[in-house]
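Asker: Single-letter residue listing:
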Amino acid sequence: GDSVTQMEGPVTLSEEAFLTINCTYTATGYPSLFWYVQYPGEGLQLLLKATKADDKGSNKGFEATYRKETTSFHLEKGSVQVSDSAVYFCARQGGSNYKLTFGKGTLLTVNP
Amino acid sequence: GAGVSQSPSNKVTEKGKDVELRCDPISGHTALYWYRQSLGQGLEFLIYFQGNSAPDKSGLPSDRFSAERTGGSVSTLTIQRTQQEDSAVYLCASAGGSKEKLFFGSGTQLSVL
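In order, the protein sequence lines correspond to chains A and B. Counting from 1, one number per residue, gives the positions in the first sequence under my numbering. Counting from 113, one number per residue, gives the positions in the second sequence under my numbering.
Heads up, some of the hints might be wrong.
Listed below are the simulated BS3-like cross-link pairs for lysine-lysine, each with C-alpha atoms no more than 25 Å apart in a straight line [to be verified]:
#1 A:K68 <-> B:K213
#2 A:K56 <-> B:K213
#3 B:K169 <-> B:K123
#4 A:K99 <-> B:K169
#5 B:K169 <-> B:K211
#6 B:K169 <-> A:K104
#7 A:K104 <-> A:K68
#8 A:K68 <-> A:K56
#9 B:K213 <-> A:K60
#10 A:K104 <-> B:K211
#11 A:K60 <-> B:K211
#12 B:K213 <-> A:K104
#13 B:K211 <-> A:K56
#14 B:K169 <-> B:K129
#15 B:K211 <-> A:K68
#16 B:K123 <-> A:K104
#17 A:K99 <-> A:K68
#18 A:K99 <-> A:K56
#19 B:K127 <-> B:K169
#20 A:K104 <-> A:K60
#21 B:K211 <-> A:K52
#22 A:K52 <-> B:K129
#23 B:K211 <-> A:K99
#24 B:K213 <-> A:K99
#25 A:K104 <-> A:K52
Hints are computed from structural coordinates only; laboratory data are not their basis.
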């Protein structure tokens, strides 16, 4: 079935470090790809998305590029801040019913 | 409403009891999802409603779990004869015409003692 695999955390970085969180997806059909973020004490919210191959989603300094050849959608940020500390979820959406399938989430902690 | 509303926010129950969790989606949203969030398990898909179509129940873990959506709006997730492994945060999300952007509620924290 459809699935998403993302690197397991936790990931701990110092402020201004470079961030990469790996994500790969099953290539059934032509899925749309997403990163959702869950800040401490808050609900999940959409961070960025890409709907077709080679699209780059970006928001709040985060970027991810839809790579069909490697079935990947890695999340990157050049310089993380303490306020980026959260759980990040990679997700795919495809099929006739638009079901959204999530990875297991990666906890990021950024220290000052 | 302003967002997806879930109730109760916390529920503590005894093993073997039945529980009902409620979700009020954003008005006008035709898609409604239930997910379960457990430590180490990420977000587990449970069930998906889209308009008047038959729901996708492929994620329900056992026949103790069921859900309905009345009038295309409010949804209730029912867990019968709860077990300790049912303890988790149950999240509801809805989506409108775009279907790509889900709006999540704050969840119901279920604790089965």
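Asker: Would you mind marking each hint as holding or not holding in the structure?
Answerer: Verification of the supplied hints:
no., hint, in the structure
1, A:K68 <-> B:K213, "21 Å, holds"
2, A:K56 <-> B:K213, "17 Å, holds"
3, B:K169 <-> B:K123, "23 Å, holds"
4, A:K99 <-> B:K169, "11 Å, holds"
5, B:K169 <-> B:K211, "18 Å, holds"
6, B:K169 <-> A:K104, "20 Å, holds"
7, A:K104 <-> A:K68, "21 Å, holds"
8, A:K68 <-> A:K56, "12 Å, holds"
9, B:K213 <-> A:K60, "17 Å, holds"
10, A:K104 <-> B:K211, "22 Å, holds"
11, A:K60 <-> B:K211, "22 Å, holds"
12, B:K213 <-> A:K104, "19 Å, holds"
13, B:K211 <-> A:K56, "19 Å, holds"
14, B:K169 <-> B:K129, "22 Å, holds"
15, B:K211 <-> A:K68, "22 Å, holds"
16, B:K123 <-> A:K104, "24 Å, holds"
17, A:K99 <-> A:K68, "20 Å, holds"
18, A:K99 <-> A:K56, "22 Å, holds"
19, B:K127 <-> B:K169, "24 Å, holds"
20, A:K104 <-> A:K60, "22 Å, holds"
21, B:K211 <-> A:K52, "16 Å, holds"
22, A:K52 <-> B:K129, "46 Å, violated"
23, B:K211 <-> A:K99, "9 Å, holds"
24, B:K213 <-> A:K99, "11 Å, holds"
25, A:K104 <-> A:K52, "23 Å, holds"
Violated hint: 22 only; the structure is consistent with all others.
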